[in-house]
Amino acid sequence: MVQLAQLLVNGLVFSSIIILGAIGLSLVYSIADFANFAHGDLMTAGAFGALVAAGVLGGDPPTLFGVTLPSLPIPGADIVLFELPLALYVGILVGMAFAALVAVVTQRFIYEPLDAGSIELLITSIGVALGYRAIVQLGFGSGQRTYEIERTGRIEWLQDLLGIAVTPRDVIILGLTAVLVIGLHTLLQYTTLGRKMRATADNADLARVSGIRTGEVILAMWVIGGALAAAGGVFLGLDTLVRPRMGFDILLVVFAAVILGGIGSVYGAMLGGLVIGMAHELTPAIPFVSVEYSSAVAFILMVVILLVRPKGIMGEVT
Amino acid sequence: MSRHVLEASNVDSGYGEVQVLDDLNLHLDDEEIVCLIGPNGAGKSTVLKTVFGLLSPWTGSVTLRGEEIGGVDPADLVRMGVGYVPQVDNVFGSLSIDENLRMGGVARESGLDDVIGRLYERFPILDEKRGAKARTLSGGQRQVLAFSRALVMEPDVLLIDEPSAGLAPSIVEDVFRNVQTVNELGTSILMVEQNAREGLAISDRGYVLDQGTVAYEGRARSLLDNPEVSQLYLGGADYE
Ligand SMILES: Nc1ncnc2c1ncn2[C@@H]1O[C@H](COP(=O)(O)OP(=O)(O)O)[C@@H](O)[C@H]1O
Ligand SMILES: [Mg+2]
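Top line first, the protein sequences correspond to chains A and B. Oh and the first sequence: position 233 is 233 in the UniProt record's numbering, straight run, nothing missing. Oh and the second sequence: position 184 is 184 in the UniProt record's numbering, straight run, nothing missing.
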C-alpha cells in the first residue's frame, strides 16, 4: 500500500513533466497542423535557458561557447524556498521566456515562410530539432549538468505521517505544474485570446472569415507551448539531469501522451500525460516486470487504449 | 466611373492550377439582394471565396466601393464591412453558441454585448441554447447561428453561400425571410442559391453562372420569366 502510494507520487511528478510537454505539442498540432519533432528540444532549450539565467542571476555564472558569462546576482538570490534558491525561480521564468522566443522566431523565420503542408513541416521540424540540439551542444558541450541544488531529502512530517518519501522538489514540480495547467485552462476558457485559439483550432478558415487574425493566434500558441515546454524541461532537469539530449529522449513519451489523449485536444493531452506518466512510474508495481520496461509498458497501454478508442481518450470531444 | 458597392471585373480564379472562374463580371449595388444561381460545380462558391479573399483573383479586379480588394485578407475585409457565411463548416462546432457569436465580433471596437443581445432577441432559439456547443444544433439552427455570427459585425455587404441547402421547406422560408430583413436594415446581399426560384423571388437581380462565367443576368423577375433560363436552370417544369 505504502509502496503503491510512493509510486503514485513518483508517477505524478513524471506525469507533470509529460503533461507540460504534451500541451504544447498538442497546441501546435491543433492550430499549426503538424507534428512538431522539435518540441522535445524546445524543452531542452528551456532547461538550459533556466540553467544559464539561474547561474548568472545567482552569482555563479556558467561558461557558454567557451566564454564565462558575467555574474549579475539579484538581491536575495540565495533565499531558499522549498529547496530551490530564488535565482532558480527567476531562472525558470527566464527559461520559459527564452523557449517562447525560440519558438516564435522559428515560426516566423522557418515554418511560416515555408508555407508548406503538414508532412513538409514535420520533416522540417526534425531538422529544426537537430539545429536546436547542435547549438546547445556547441554552447555547453555534450556533458550532463545539474541545477546544482543540494537535495535536502524527504519532507519529514509526510514521511512520518504517510510513510512516503516526498521531496520539496516534488512539491515544487507538482505545485507549479498545477498553477500552469489551471492558468492555461483559465486562458482557454475565459479570455478572448483563449476563445480565439479554440476557434482557430476548430476551423482556421472560419476564424479568418470571422475577423480573427490567425497569424497572431498562432504566435500566441507558440509562446504558450514554448513556455510550458520549458517548464517541463526544467522540471525534468530537476528530477534527473540537464543534458542536450534530455528533451529528445522524452519526446516519444510526450507524443504517446498526445496521441493517447486524442491528437489536437489540449485537455486530452493533459489526461494522456497523466495516464502515460503514471503507467511509466507504476511499472515496478506490476509483478515480474522490472523498471527497465517502464516505457514499453506505457506504450503498450497506449496501444490498448487506442484499440478501444481509436481517436484517443478525448478525440472528437473537446 | 460607376460606384458599385462590390464589383468583379474580368476575374479568372481557381484552385492551384485548376481554373474555375473565367472572365467573370458581376456587381452589387447599395440596398440590393443579388442572387447567383447555376448548376452544381458552376463555380458559385468560388465566386464568393474569390471576392472574400479566401482565393486571390488570377487576373481582373475585385473592388469594394471602387477600392481594389482582390486578395485582401478576410480578417481585413471583415473590418471593411464585408461579411461572409460559408456554405459548409460555417459554425465553430466545439464552441458554445455564445462563443460563436463573440468570435463573430472580435473585430468590433464597441457594442459587442448590445448587438449580441439584439440577435438573441431576434433569434430566441440561440438565446435558449447559448451555452450549448454549436455542433449540437440542428441544420436549421446551425444556419441561423452561421448567419448571426456574420451579423455581429453589422456588415454593409454580406455574402451568403446557399443558406437554404439541406433544410426542410418550412425552414427555408424562415431563412429567406431573415435574409430579407437584414437587407431591409441596410445590408447589401450577394447570395448563392440552389433553390433558384425561391432565391430569385426575394432578389432584385440575378446572375446565372455556368462553367465559371456569367451566362445570363438581369432583373430577378425577368430571369424567372425567361424561357431559356427557366428551361436550363430552373428545372423548366414550373414555367408558366
Ligand atoms: N478546394 C477545392 N480544390 C479544388 N477544386 C475545387 C475546390 N473547391 C471546388 N473545386 C472545384 O471547383 C469547381 C467549382 O466549385 P464550386 O465553386 O464549389 O461550385 P458551386 O458552388 O457552383 O457548386 C468544381 O469543379 C469543384 O470541383
Ligand atoms: Mg457551392
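Rather than coming from a laboratory, the hints here were simulated on the basis of the structure. Warning: the hint list may mix true and false statements.
As the list claims (entries may be wrong) - Each computed DMTMM-like pair below joins lysine to aspartate or glutamate, with the alpha-carbon atoms no more than 25 Å apart:
| # | chain 1 | residue 1 | chain 2 | residue 2 |
| --- | --- | --- | --- | --- |
| 1 | B | Lys133 | B | Asp113 |
| 2 | A | Lys311 | A | Asp60 |
| 3 | B | Lys133 | A | Asp205 |
| 4 | B | Lys133 | A | Asp33 |
| 5 | A | Lys311 | B | Asp89 |
As the list claims (entries may be wrong) - Here's a subset of chain B near chain A, in silico, CB distances under 7 Å, partners left out:
| # | residue |
| --- | --- |
| 6 | Pro74 |
| 7 | Tyr84 |
| 8 | Asp89 |
| 9 | Val175 |
| 10 | Thr181 |
| 11 | Tyr216 |
Ideal Cβ placement from N, Cα and C applies to all residues, glycine included.
- Task: Tell me if Tyr84 (chain B) is really an interface residue toward chain A, meaning its C-beta lies closer than 7 Å to one of theirs.
- Result: Holds, because the Cβ-Cβ distance from Tyr84 (chain B) to chain A comes to roughly 5 Å (cut-off 7 Å).
- Message: Under 7 Å is the threshold here; is the Cβ of Pro74 (chain B) close enough to any Cβ of chain A for the hint to stand?
- Response: Since the shortest Cβ distance to chain A is 5 Å, the answer is holds.
- Item | 25 Å limit on alpha-carbon distance, applied to hinted pair Lys133 (chain B) and Asp113 (chain B) | Given that 25 Å is the threshold and the Cα spacing comes to 19 Å, the pair holds.
- Does Lys311 (chain A) pair with Asp89 (chain B) here, judged by a C-alpha cut-off of 25 Å? Measuring from Cα to Cα gives roughly 21 Å; hence the hint holds.
- Task: Classify the hint on Val175 (chain B) as holds or violated, based on whether any CB of chain A lies nearer than 7 Å to its CB.
- Result: At 19 Å from the nearest chain A Cβ, Val175 (chain B) fails the 7 Å test, so the hint is violated.
- Taking the closest Cβ pair, is Tyr216 (chain B) under 7 Å from chain A? violated, 29 Å
- Query: Is the straight-line distance between the alpha-carbon of Lys133 (chain B) and that of Asp33 (chain A) 25 Å or less?
  - Reply: Given pair Lys133 (chain B), Asp33 (chain A) holds - Cα atoms ~23 Å apart, limit 25 Å.
- Is it true that the CA of Lys133 (chain B) sits at most 25 Å from the CA of Asp205 (chain A)? Holds, because 19 Å separates the two Cα atoms, which is no more than 25 Å.
- Query: Does the interface hint hold: is Asp89 (chain B) within less than 7 Å of chain A, judged Cβ to Cβ?
  - Reply: Hint holds; Asp89 (chain B) Cβ to chain A Cβ min 6 Å, cut 7 Å.
- Query: Keeping to a limit of 25 Å between CA atoms, is the pair of Lys311 (chain A) and Asp60 (chain A) held or broken?
  - Reply: Distance ~48 Å between Lys311 (chain A) and Asp60 (chain A) Cα, so the pair is violated.
- Message: Let's test the interface hint: is any C-beta of chain A closer than 7 Å to that of Thr181 (chain B)?
- Response: violated, 22 Å
The structure shown violates the earlier hints numbered 2, 9, 10 and 11.
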